[in-house]
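Enquirer: First to last, the sequence lines map onto chains Y and L.
Anchor point for the first sequence: position 56 equals 59 in our numbering, and the numbering is continuous, going up by one each time.
Anchor point for the second sequence: position 108 equals 162 in our numbering, and the numbering is continuous, going up by one each time.
FYI, nobody ran anything at the bench for these hints, they're computed from the structure.
No false leads were slipped in.
DSS-like cross-link-like pairs, simulated, lysine-lysine; straight-line CA separation at most 25 Å: (1) Y:K99 / L:K109; (2) L:K125 / Y:K99; (3) Y:K99 / L:K57; (4) L:K111 / L:K125; (5) Y:K60 / Y:K71; (6) L:K57 / Y:K84; (7) L:K57 / L:K109; (8) Y:K60 / L:K57; (9) Y:K99 / L:K124; (10) L:K125 / L:K72; (11) L:K124 / L:K107; (12) L:K72 / L:K109; (13) Y:K99 / L:K111; (14) L:K107 / Y:K99.
Only part of the chain Y face toward chain L is listed, based on derived beta-carbon distances under 8 Å: (15) E44; (16) Y51; (17) Y98; (18) K99; (19) F102; (20) A104.
Examples of chain Y residues lying across from chain L (beta carbon under 10 Å, computed): (21) G43; (22) P46; (23) R94.
By construction, the Cβ of each residue, glycine as well, lies at the ideal position given by its N, Cα and C atoms.
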Amino acid sequence: GQNIDQPTEMTATEGAIVQINCTYQTSGFNGLFWYQQHAGEAPTFLSYNVLDGLEEKGRFSSFLSRSKGYSYLLLKELQMKDSASYLCAVRDGDYKLSFGAGTTVTVRA
Amino acid sequence: DVKVTQSSRYLVKRTGEKVFLECVQDMDHENMFWYRQDPGLGLRLIYFSYDVKMKEKGDIPEGYSVSREKKERFSLILESASTSQTSMYLCASSLSPGDSSYEQYFGPGTRLTVT
Numbered sequence: 004g005q006n007i008d009q010p011t012e013m014t015a016t017e018g019a020i021v022q023i024n025c026t027y028q029t030s031g032f033n034g035l036f037w038y039q040q041h042a043g044e045a046p047t048f049l050s051y052n053v054l055d056g057l058e059e060k061g062r063f064s065s066f067l068s069r070s071k072g073y074s075y076l077l078l079k080e081l082q083m084k085d086s087a088s089y090l091c092a093v094r095d096g097d098y099k100l101s102f103g104a105g106t107t108v109t110v111r112a
Numbered sequence: 055d056v057k058v059t060q061s062s063r064y065l066v067k068r069t070g071e072k073v074f075l076e077c078v079q080d081m082d083h084e085n086m087f088w089y090r091q092d093p094g095l096g097l098r099l100i101y102f103s104y105d106v107k108m109k110e111k112g113d114i115p116e117g118y119s120v121s122r123e124k125k126e127r128f129s130l131i132l133e134s135a136s137t138s139q140t141s142m143y144l145c146a147s148s149l150s151p152g153d154s155s156y157e158q159y160f161g162p163g164t165r166l167t168v169t
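Could you put the whole structure together from the sequences, leaning on the hints where they help?
Expert: In structure tokens, the structure reads:
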């Protein structure tokens, strides 16, 4: 089966940096996604990694190491609106995504 | 902008009822998905479809069926609703492999309560 682990909760201060780790053990690998989900809303796409290394997109960066089965999402210059759940998902074939349980990030003033 | 819509935001049904959840996407995506989301468990795939009239079981298909008669519409059917099916149901769509990252776009969700 698929096993995708990420911390349940994290708390950080406005303006700080937070790193959300995700480790995975899956039967196949065809890319890793990060989604953001505000309470009561649909998940929205943040980033995609299929090769090792860092992908930067504004205040958000995502890193992948396929040999270690490891990824992280880095949120810089935290804002109150970044309070949300962050979902790590692995595509193990052509279509299917397997999701972790999500990390709830709370940003405090 | 991709838009995925779901027929209801909130739904309350009784045990044993047949329940239909409808999903429509407006971007001509080939692939559509149904997930349920429960606290502590994340999103779990129920069924997906990669073409009209084609369907594949996901990780938790028991108690559910699906229908895709038109490309833009994907329906989830609970044949006989049970209290264990109380959950948030999310529909998603995506392009096919070979189209960039082909990320999935999600609808707003239907919170179903079965009493």
